[in-house]
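Once you have looked at the hints, place chains S, H and P on chain U.
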Amino acid sequence: MRKVAIVGAGMTKFVRRALETPKELSYEAAKITLDSCGLTLEDVECIAHGTAPDAFDGLHQNGEYMVDGCGGWNKPTMRVYVGGGTGIHAVVHGWHHVASGLFDTCLVVCEEKMSSALPHAQAFFLTIFDSITERPLEPNLLWIFALEMNRYMERYGYTKEDMALVAVKNKLNGLKHPASQFTEEVTVEDVVNSEMMAYPVSRLDVSPVSDGAAALLLVSERVARRLTDKPVWIEGVGWSLDTAYWATRDLYYPRYTDTAARMAYEMAGIREPDKEIHIAEPYDPFGYKALHHMEGLQLSPRGKTVQLLHDGHFDIDGNLPMCPSGGLLGVGNPIAAAGTMKVCELFWQLRGEADGRQVPGNPRLGVAQSWGDLMQVSSVVVTGI
Amino acid sequence: MDKKVAIVGIGYSGFGSTTPDLSYREMIFEAATKCYQDAGGIHPQSIDSFVASSEDFMEGISIADEYVPDQLGAVLKPVHSITGDSLQGLASAMMQIKTGQQSIVAASAFSKVSNLSNHDGLVTYATDPFYIRPFNENPYFIAGLEMNRYLHETGTTREQCAKVVTKNRSNALNNPSALYGARIELEDVTEAPVLSYPLGIYDMSGHLDGSIVVLLASEERARELTDKPIWIKGIGWATDTPNLDSRIDGMGSAVYARLAAQKAYRMAGINNPFNEIDFAEIDDTFSYKELQHLEALNLCGPGEAGKLLELGCFAPDGDFPVNVSGGSLGGGYLHEANGLQRLMETVLQLRGEAGKRQLHDVETGLAFAWRGIPTATGAAVILSTRP
Amino acid sequence: MEDKIKVAGGTGLSAQDISSGKIFLTEDSLDCTYAWDTGVAVNRYLEELKKGKIIATRCRKCKRIMLPPRLFCELCFIPCPDWQYVQDSGIVNTYSICYVHWDASRIGKDEKPHLPAVIEIDGAAPGMGIMHILGEVEPQEIKIGMRVKAVWKPEAERSGSITDIKYFKPC
Amino acid sequence: MAIMERNSRNIDNRYWNPGFKAFPVKNVYTAGAAGQRFFEEIKNNSKILGSRCEKCELTYVPARIYCERCFNRLEEKNWIDVGTEGTIYSYTLLFQTQNGEPRENPAVMVAVRIADGLLIHRLGEFSAADLEIDKPVKAKFKPKEKRKGCIEDIDYFKPIK
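Residue numbers (our numbering), protein chains in the order written: chain U, 1 to 385; chain S, 1 to 387; chain H, 1 to 171; chain P, 1 to 161.
Excised from the complex, chain U in its bound form:
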């Protein structure tokens, strides 16, 4: 299999409301990515870009609209989407472009502008449910999270305080991220006592509404060797989509993450992920999801994750640092861009360039995962040096 490396990464600040249009946000992230590795648009052969639902940006065929900002003028461009999983899936998609041998360089750009949604981005999630058998019940996105979280907690006897700890730790990490939209620490009490949205989900269990973009440059081995002595290799990719009849699955375990992770590990030749992987960036739009995904990623035994969390196992200086970037809870959640941000983080961490949030001990293998749709899809990327 053709080797593919990441040689550049960049992103915009994640903000509650951005002045920039979706195109302009994409441009900022794409441009800084090219600048970071000393390349120009001429060096880019193709574009793999992503955004989640078109309804946020409020544009039909949003992939077409934003493409010049992604650097797609007169180039092959292709937008991929798997809902919330898009940010990391776009990296898999970019990997396809280069690993297939069709291209030597591929710019991956993901963007989301959620602030344009009125009355609130959440209202748009009504339209992700089955048009006929579910939408008449007027569901909102919180329902499915709350239903899944409740099932997960009940299964293992986890408490709301346990789940709150994820938000506390991730937000603390995020304070050191230059793109973060947050400035304040929170405590477990703050999270548990924050406004109840949909039991068991409280306001601070939820990642915010954000605008932003993130980008990566993927290249073939030949190009990578020429450009840098610190390439970060894409060692494994995997993705999986479970049935759309979501209520017919038991929600306590993310089997879609399980299958996606196993696919990526097989490609990467990883047999014992919990021992071999040094950094994990599981998708954390809600606190419990990070833990749920750690189990699906085979990085933590089912039902034992909370104990490990309390023990500091997932801290930046722990055995398996989790979300050193701060994740969606700590940096922000412009949906597709947030996923790509996680791979950017692996890139910086593995190169030892993560500044104040650098994971100690020269980490060499990392995994990033994103999740989306109707609690249904996972995309997994394993990177190494």
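Simulated from the structure, these hints should not be mistaken for laboratory data.
It should be emphasised that the depicted structure is a prediction, and the values quoted were computed from it without experimental measurement.
Virtual Cβ for every residue (Gly too), placed ideally from N, Cα, C.
Treat the hints with care, since some could be wrong.
Said to hold, decoys possible - Lysine-lysine pairs mimicking DSSO-like chemistry, simulated, CA-CA at most 27 Å apart:
1) K148(P) x K22(H)
2) K26(P) x K22(H)
3) K169(H) x K109(H)
4) K77(P) x K26(P)
5) K4(S) x K228(S)
6) K143(H) x K304(U)
7) K160(U) x K166(H)
Claimed, not checked - Short, incomplete list of chain H residues facing chain U, as computed with Cβ under 8 Å:
8) V7
9) L13
10) G129
11) I133
12) G135
13) V137
What the hints assert, rightly or not - According to the in silico footprint, chain U covers these stretches of chain H (three or more CB under 8 Å from chain U):
14) 34-48
15) 77-83
16) 101-110
Below, chains S, H and P alone, put in the same frame as chain U:
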């Protein structure tokens, strides 16, 4: 890099201006079943990965890719969606096989445009919210501007455009799955009400519901699955600027088509497409687009397409048959599945399964699709009976 | 070090920037409505709901009784023409107590919270749930594993919709 | 056959119309970093700005913050006044309304070439003879007090006699 990829199965369902007999899921299930049967009765459990091409607002669902897996038999499998033409989806499927991670990949697309009250409203929603939408005009004025500029730049006439309509609608009469076949005169087109001068109402293709699923395989698996593999010799896709305000090179010509074709020809080792390709299925969403695309695809020089058309060059019995199926003007426009519709006809012709409209001695064909206004994205694929 | 620069753009606007009118904005909404073909399986499902019954389909191969009904088994990938009624009772698989409406607006002081749940329907294959809402129950009394039964709208008010079941209540 | 049953009587054919808009929501769009500046200039000074990429020798109208061809950042110094006159690059007469209703008097839409950009707008104060590609036209602005910072601050383009 030289891993070869073939189309080993194809199936379709629907193909009506309305399709109330089945839901979109049932329609796709039917197309998938036919496709898998066409590939020797393969069970989807043996398929490695799945790609769908769709747009949220076409389905009235946000994150429409949620609903992809079940009707393709893809539960807990690698599945993703491309918001692009289905030929871009095909390219994604092909790239996956070329990476070596997958051997058999399905690509699907469908249209249930009859379920939309106002497709024009959707097209408006694809335009820039600050620079275009405030005019509150019918979005097809963009096609009017393009057509007028194309005629101006090339000297192509309005009548030549109308001739595309009569040709394709007449071709469609020989295609049982084409919905808009008709025997009409040039005047029926030129004297019809104008939508956006010079574009008349019959210069536009009609809407179509339907679903198409194709199966791709690596060379090794293709040989096991079918004795009639159709090989993907070249593929290319490209986007010109999406901004109408910077299309100084592209308003009158199809830059995206030129770039997509260049890539596909290079991959297929084609230097002289007119001589080396036997026939083509080319996007004709609007009448002028067929001519403009022929020129951009380097099948003739700028401004020559209209004249060659009048000489009968692109007729089913001409030197270079174009849209023998009836194209979109004769068959109906399948939206995101447009590219797979063009591909399907190319595959059927190459297999010799095109019935009454079968072309003789064809071994290489070209399918090209465009994403419609206001976009500037197109994809080209070259298929051959020879690996 | 030049490679330290990794973040650019993302100019934050405050609520005040917006309300002051200094920032140019435009609003729009999609001018299109949808009428989705229900198809065979969902059509029958809705017709039966109108009669006060829940109908499923059965896969002859894996024997699953599937809800909502579908014409095909997505796992065996074969047509499933066998229809079968299931009960209108079941078990709460999971639930939530939701204090916001679908549009993220907070519920009013006098309003009761929404009580969405996944209910495993009796007679369907194990684990086959549907999403619905609970009623006639105090939120704190809801338990995972609780038995519930459908409360139907009066026959005259039913329209062939999932909302023909008003809610599920403990039984 | 793949499907064992189909809806085969009209009376069985049913569609689900939710009775309200499928997307009962709306979007608010910012003009963006470039648009904010571009429209401020139109609104306050009746000026149309372009931005010039020296490398590509191209002047974008409307102005933007980046060159889409080479990705150069188009800074303040690259923003220039391109005047309010241009030529018709293409035009069309639109005989249907937004919702596809026929109409007697067509709207005339033009792509006006100014520098290397094409401003899409309406044509006004014209006669049939003015409808020709390459004819010079100029912007007619709305009265200042009616301008809001949008493309309609220009009422229309009209032929230069």
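| field | Hints violated by the structure (numbers, ascending) | value | 4, 7, 12, 13 and 15
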